[in-house]
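A.B. asks: Modelling step: build the complete structure from the supplied sequences, incorporating the hints.
First to last, the sequence lines map onto chains A and B.
Residue numbers for the first sequence follow this note's numbering, so the first one is 1 and each next one is one higher.
Residue numbers for the second sequence follow this note's numbering, so the first one is 1 and each next one is one higher.
You may find that some hints are simply not true.
Said to hold, decoys possible - Here are the simulated SDA-like cross-link-like pairs (lysine to any residue), alpha carbons at most 25 Å apart as the crow flies: (1) Lys9/B / Lys26/A; (2) Lys104/A / Pro83/B; (3) Lys9/B / Ala85/A; (4) Lys26/A / Pro83/B.
It is worth saying that the hints were derived from the structure and are not from the lab.
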Amino acid sequence: SQQGEEDPQALSIQEGENATMNCSYKTSINNLQWYRQNSGRGLVHLILIRSNEREKHSGRLRVTLDTSKKSSSLLITASRAADTASYFCATDKVSGNTPLVFGKGTRLSVIA
Amino acid sequence: NAGVTQTPKFQVLKTGQSMTLQCAQDMNHEYMSWYRQDPGMGLRLIHYSVGAGITDQGEVPNGYNVSRSTTEDFPLRLLSAAPSQTSVYFCASRRPGQGVDGYTFGSGTRLTVV
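C.D. replies: If you want it as structure tokens, here you go:
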């Protein structure tokens with residue numbers, strides 16, 4: 001069963017606005033990762049945050065992690081039409097040597 | 001170009017036929033996984049491998065077989081295709097160790113079973 005659940009399922013914003021997506025998970029994790037998928041393409045790794053980290057930045061991306069609430073958020077600032085894609089969170093369990101477990105994703109539409 | 005290569009990109013099968021989806025990576029990654037993606041379901045794990053000669057089942061393994069004879073290759077075999085196996089299949093790989101880096105994904109194989 002899915003470990004992560006993204007919220008909202010779909011999000012539509014204007015170019016230049018910020019986009020926030022949330023992810024909740026169920027079990028203890030080693031790290032949490034965010035991926036982007038453009039329509040009809042494979043997933044691309046965006047950012048990884050370890051369980052002992054609370055916030056991480058990469059360009060226009062900001063990820064937070066709250067292990068007490070078992071939740072994470074992905075913020076994309078100053079969005080562009082090219083950011084239109086589906087975004088997935090994925091968790092690495094503490095148990096080790098197991099593959100990532102993905103959520104169902106958030107579909108982001110950025111309108112120019 | 002370094003990365004994960006999946007072949008074929010598209011395939012149509014008749015119910016009951018068998019086929020092998022190929023996956024190869026040239027990054028010397030120990031970990032490889034197969035996922036299927038269906039509308040509204042996200043990615044679900046089929047089988048995975050932590051190294052040559054070692055494979056294990058994921059969430060939805062029924063109807064699929066895998067083997068890992070080399071570090072580079074991780075083929076997925078459909079034994080007797082069923083319409084329920086219509087999906088997009090992704091292969092992914094990464095280095096061992098958690099918290100090191102993310103997965104590298106192939107571009108996918110879109111399979112239709114009629």
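A.B. asks: Now tell me, hint by hint, if it's right for this structure.
C.D. replies: Hint check:
no. : hint               : verdict
1   : Lys9/B / Lys26/A   : violated (34 Å)
2   : Lys104/A / Pro83/B : holds (22 Å)
3   : Lys9/B / Ala85/A   : holds (20 Å)
4   : Lys26/A / Pro83/B  : violated (32 Å)
In terms of the numbered hints stated before, the structure departs from hints 1, 4, listed from lowest to highest.
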